[in-house]
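Participant: All chains, please: the whole structure from these sequences, using the hints.
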Amino acid sequence: MLNIENLTVSVDDKTILKGLNLNVPAGEVHAIMGPNGAGKSTLGYTLAGRPNYEVTQGAVDFNGEDLLEKDVHERAAAGLYLSFQYPLEIPGVPAMTFIRTALNAQRKLRGEEEMSAPEFLKTIREVAKTLKIDMDMLKRPLNVGFSGGEKKRMEVLQMALLQPKFLILDETDSGLDIDALKVVSDGVNALRSDDRGMLVITHYQRLLDHIKPDRIHILVDGRIVHSGGPELALELEAHGYDRYVNEAA
Amino acid sequence: MAFDLTPLDLFDPSSYPTRRHEEWKYSDLSRALREVPARAELTHLQAEAGDFGGFYWHCAGDGQLADLQAAVSKAVQSSGGRLYLDMSDVGEEGAMAGYQGEGRITLGEGEHLILLEDYSGALDYAASTVLHFDVAEGATLIRVVILDEPESAVSVRRSTVTTAPGSVFKQYVFATGAKFQRFETHVAHAGHGAQVEMHGAYLLKDTAHFDYTTRVNHAEVDGATQQLIKGLVKDRATAVFQGRIYVEKGADGTDARMRHQALMLNDGAHVRAKPELEIYADDVQCAHGNTIGALDESALFFCQSRGMPEEVARALLMQAFVVPVAEQIEDEALREMVLNWIADKTEGFYAL
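If you read the sequences in order, they're chains A and B.
Counting from 19, one number per residue, gives the positions in the first sequence under my numbering.
Counting from 5, one number per residue, gives the positions in the second sequence under my numbering.
A few of these clues could be false.
Stated by the list, open to error - Below, simulated DMTMM-like cross-link-like pairs (lysine to aspartate or glutamate); rule was C-alpha separation at most 25 Å, straight line:
no. : chain 1 : residue 1 : chain 2 : residue 2
1   : A       : K126      : B       : E315
2   : A       : K126      : B       : E301
3   : A       : K88       : B       : E280
Stated by the list, open to error - A few chain B residues that don't get close to chain A, going by computed Cβ distances all over 12 Å:
no. : residue
4   : Y30
5   : A42
6   : L269
7   : D286
8   : E314
9   : A324
Simulated from the structure, these hints should not be mistaken for laboratory data.
Values in this document were obtained by computation on a predicted structure and should not be read as measured data.
Just so you know, even glycine gets a beta-carbon here, dropped at the ideal spot from N, CA and C.
Facilitator: In structure tokens:
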């Protein structure tokens with residue numbers, strides 16, 4: 019599904035990712051863990067196509083297509099979804115308008131019919147209910163004045179409506195209390211399926227108690243230095259990243 | 005004290021203000037109007053029932069807009085209290101037609117009027133108009149102005165507003181600029197619970213020039229003034245905002261707030277903002293804020309990452325920037341009309 023080979027990325031002439039290799043098959047959830055500054059968020063942004071993240075080497079294959087060739091919105095329409103660590107506030111745009119614009123833009127690009135307003139309203143109402151999102155909140159400008167938990171729930175709401183093929187969750191647990199973490203994780207888990215892949219970027223093991231990964235990769239200094247099963251998270255929690263950082267250095 | 009203003013005389017170039025006049029420093033009329041326009045004939049002057057749920061009054065031409073008050077009286081007595089004022093000037097191709105006019109609207113005690121002024125126009129013309137508004141005690145005047153003129157147009161639209169205690173005057177101006185477009189509003193604020201709001205939004209591209217000049221004089225106690233002006237400037241367009249709030253000695257309890265926010269969408273666009281507060285009273289609350297920035301690139305990426313093509317994302321964010329001005333219009337039909345107009349103007353505003 020997502021196959022990354024020798025990915026090398028610079029931001030402002032500083033090399034952050036240094037030949038990263040990673041393969042996430044459909045139906046699997048992989049976690050990327052690593053210390054601060056290892057390049058975790060850079061990986062998410064690069065895959066989503068953020069400007070100024072310059073790919074100097076390597077290739078990314080997404081469902082048989084060259085991901086790096088595509089514009090940002092084309093990657094989204096192809097089924098890639100990056101959930102932001104800090105979702106942006108969009109003043110003046112009601113959440114509902116934002117989501118509907120995004121959904122119909124994706125559909126249009128895929129040559130599908132746009133979703134009508136009543137159909138959209140019906141769908142969003144159902145999803146919002148499961149995520150404990152009030153419909154009034156959806157009439158407010160997206161994320162403006164929302165709490166950390168509310169912003170993350172809006173991210174999950176968008177995933178559920180856009181139905182992407184591949185999810186990248188960038189530090190989705192940051193800013194969440196235990197109750198919010200459960201709602202968000204349940205929302206993400208509901209999206210697990212045989213034809214969907216996920217990459218969970220996290221600093222802590224905590225999130226992985228809720229979203230159980232099939233594989234864990236340790237990212238240090240722009241490279242995957244170690245991969246293993248879910249048990250790796252517990253080991254990291256007990257011993258930290260020091261061993262891997264020292265090995266990489 | 006009411007402001008005494010006459011139309012700028014298009015047919016006497018020696019009367020044109022120059023950039024040496026402080027009030028005209030950023031808007032150079034002489035440069036925009038190098039030839040004296042030919043005086044145009046009065047073509048229409050009528051009041052009739054229209055589709056604005058009120059009355060429709062059309063004027064294109066020169067002279068005294070004498071029948072205006074009759075149309076206003078009809079509109080005020082109708083259930084909606086609305087008047088659509090078609091102020092569109094139709095010029096000539098290749099030659100500058102000159103339109104000059106002056107009109108007066110008086111609202112009696114407790115009367116309520118929603119006025120939609122449409123300055124669309126076509127072809128080449130220069131226009132100079134003055135509208136005088138007298139708003140009596142307890143009366144309400146809502147004024148929505150659409151300045152959607154051809155890019156070759158030169159226009160100076162002035163208005164004076166005299167309020168009375170307990171009256172409400174709200175103005176919303178939406179402009180796309182022209183070769184030269186200046187909209188002036190001079191308000192004599194009566195205080196004693198009178199409310200004045202003068203808002204505006206501008207969407208300028210190519211070489212458009214728009215100048216929004218407002219002046220409010222607070223002479224009495226307990227007057228409130230609110231202003232929110234937002235705009236987008238692209239290409240080599242120029243926006244000018246000159247907002248002056250003058251609080252006379254003794255006008256205690258004045259509450260005046262002015263905000264101007266502009267987005268410059270590329271290098272080469274110009275925004276000249278001159279907010280002024282001149283205060284001679286002691287017990288007042290006055291504030292002004294002015295910000296000029298660029299479109300938030302992170303927000304743009306966020307929108308794109310959810311599937312919006314760049315031009316859709318830009319149009320959405322630009323539209324979002326100016327809609328708060330229109331959202332303050334209380335009349336639902338009018339608000340929707342203006343929101344659609346903004347959507348129409350911002351769509352394709354950013355052609356990549």
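Participant: Against each hint, give a clear statement of whether it holds in the structure.
Facilitator: Results for each hint:
The hinted pair formed by A/K126 and B/E315 meets the criterion: a straight-line CA distance of about 14 Å does not exceed 25 Å. The hinted pair formed by A/K126 and B/E301 meets the criterion: a straight-line CA distance of about 24 Å does not exceed 25 Å. Taking the CA atoms of A/K88 and B/E280, the gap is near 49 Å; set against the 25 Å cutoff, the hint is violated. Listed as outside the interface, B/Y30 is consistent with that label: its C-beta sits roughly 28 Å from the nearest C-beta of chain A, beyond the 12 Å cut-off.
No Cβ of chain A approaches the Cβ of B/A42 within 12 Å, the least distance being about 44 Å, so the stated non-interface status holds. With a cut of 12 Å on Cβ distances, B/L269 stays outside the contact zone with chain A, its closest approach being about 16 Å. Under the 12 Å C-beta cut-off, the non-interface status given to B/D286 relative to chain A holds; the minimum distance is some 36 Å. For B/E314, the shortest C-beta to C-beta distance to chain A comes to about 7 Å, within the 12 Å cut-off, and the non-interface label is violated.
Some Cβ of chain A comes within 12 Å of the Cβ of B/A324; the nearest lies about 3 Å off, and the non-interface call is violated.
Hint violations for this structure: numbers 3, 8, 9, all remaining hints satisfied.
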